[in-house]
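**Q** Letter by letter, the chains look like this.
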Amino acid sequence: MVLLVLSAYLLVVLGVGLFGHRLFRGTGEDYFLASRSIGPVVLLMTLLGTNMTAFTLLGASGEAYRRGVIVFALMGSSTAIIVPFLFYYLGIRSWKLGKRHGYVTQVQLVRDRYGSDGLGALLFVVAVALMLPYLLIGVKGGGDALNVLTGGPGVGLPSWVGSLAVCAVTYVYVSYGGMRSTAWVNALQTTVFLLFGVAAYAAVVSQFGGIGAAMGRLRTEYAEMASFGTDRFAFMQMGSFLLLPLCTGAFPHLYSHWLSARSARSFRLAIVAYPVLVAAIWFPSVTLGAIGRLQFAPPLDGPILVKLIVANTGEILAGCLAAGVFAAIMSSLDSQILALGAMFTQDIVRHYGFDGKLREERQVWFGRVFVLAFLGLAFLCSLVASQSIFALGTWALTGFAGLLPMLAATLFWPRATARGAAASIVTVVVLWVGLFWDSLSVEGAYSVAGTGLMPVALIVPASGLALVLGSLGRRSRSQR
Amino acid sequence: MSGSHPRWPLLLLLLLAAGFENFWLWGEDWLLFGVPVNLAYHVGLCVVGAGLLAAVVRWGWPDDADD
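Residue numbers (this note's numbering), protein chains in the order written: chain F, 1348 to 1827; chain H, 21 to 87.
Here chain F stands alone, though its shape is the one from the complex (with noise of 0.2 Å):
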């Protein structure tokens, strides 16, 4: 029942993305940035489509079940807060820079502000470095959930087939649609795991009486779950967490939705709406994986939504489960891999191979091929992945939030000089490879020498910092 659920779910995404397809124009500014035509609606679909991921459902009911009910804070609010700001500031500026001069990447803006290749070259290295390892949780994570959810490790199926399902269809849809399809298939695909969230959310809660029979529970049983706790630790942490979200503004994927838009006016929809869904979505997820451990001792052998879900419903809401996995995953990958294709094309072939001229159906044609070699490739690389690379995965977002004083000051601040910029990025690599390296040591979860403090909290105000001190002393190209 499950595989058929899913399977079902699957056509109609498939289907969504192929009609996508009956409206591309086949130029190279269709099918990365689909002509710039996307409405509010769609647009705040995918814009939280995209920034939500495999870790909201399964990640987040996990550490929920963990740690209780501070998770909602830690990665819920703080993205509810941070995020709209976002999409206010640079989102809507990022938008009507990039149709006055016809910008496709990060890379072009950076370019044309510092007027430096190197540069350009310097944030196009390190974004593809960062982006790798966070797509790869998705194709992994599908490949994961689906052996799960068919019965666990020796009876499930292979994680291989999860993954190869997730690469092959998200692969025909945006090679196919481009980013009208991605968008499209992006509004489905939320529309799917928020109903699914509140389903779920129904159905196991009312086998406990209700969340206030369960929250009361809870609360006798596990006292330390339902609060925050009041130690340096807990405090070093929310402070932190503030921060992390700032990852969001640096992604590509999220830059080439932003210049999707229609019109500014299209982000006032997503701006305003942005923190009551991201709430809808993490309040479920977090409350069902902290009462969970009134049903589950641990250790757990599975993802707990998943066992709520089997041990509290039928099949049929575990194949929703699966469609709402399936639907974090790929939302987030389409865009991951559109954006990564779109950088290549324009940033390395267009750039450097054609001098800026490259006909628009060779585009197109180039899109296709490095959707098609980084899906692979993150397939490939699913089939030998460990957990580490999922920790690899979470440091990514660290190394984003980095980039941002660099990307914010390329929009906002005149006095930014191409020196300052590199000093940024520099500082970001320099301080992640050597917190990366010191946390290899450190069994269990990571912070600055043991205080709580995590490296996103001592990696952007010192990319910052770099990036005001280098701009010190030089007149910068808009000055000029």
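Simulated from the structure, these hints should not be mistaken for lab results.
Just so it is clear, the structure is predicted and the values come from calculations on it, not from any experiment.
Everything hinted at is true.
Counterexamples of contact, computed for chain F against chain H with all Cβ distances above 12 Å: (1) L1358; (2) L1365; (3) D1464; (4) N1659; (5) E1708; (6) R1709; (7) A1720; (8) L1727; (9) V1777; (10) S1786; (11) T1798.
Which chain F residues face chain H? A few, computed with CB under 7 Å, are given here: (12) V1416; (13) F1419; (14) A1427; (15) F1432; (16) I1439; (17) G1559; (18) M1562; (19) R1566; (20) A1573; (21) T1577; (22) S1610; (23) I1618; (24) P1622; (25) V1623.
Label-pair distances were calculated between CB atoms; the ranges are: (26) A1515(F) with V67(H): 32 to 42 Å; (27) V1359(F) with P26(H): 40 to 50 Å; (28) P26(H) with L1819(F): 26 to 36 Å; (29) T1741(F) with L31(H): 24 to 34 Å; (30) D1459(F) with P26(H): 19 to 29 Å; (31) A38(H) with E1571(F): 19 to 29 Å; (32) G1373(F) with L30(H): 39 to 49 Å; (33) P1500(F) with S24(H): 50 to 60 Å; (34) T1741(F) with L30(H): 26 to 36 Å; (35) A38(H) with W1784(F): 26 to 36 Å; (36) T1798(F) with G64(H): 27 to 37 Å.
Idealized CB from N, CA, C, for every residue including glycine.
Given the coordinates of chain F, work out where chain H should sit on it, guided by the hints.
**A** Positioned in the frame of chain F, the structure of chain H alone reads:
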């Protein structure tokens, strides 16, 4: 490339960020609307955030955003 965005929305962001650090409640575990008070507080913060962002969109929209 200086922006035409007003700066006062940044104050709202700082206000929300300050509200995020609700340390006076962190040690409490009593229930509000059926969920732990800290969870209810942060859900409320998201709703308040949406309200403030509606004000930003209404009164802080850059004049030349669509130029």
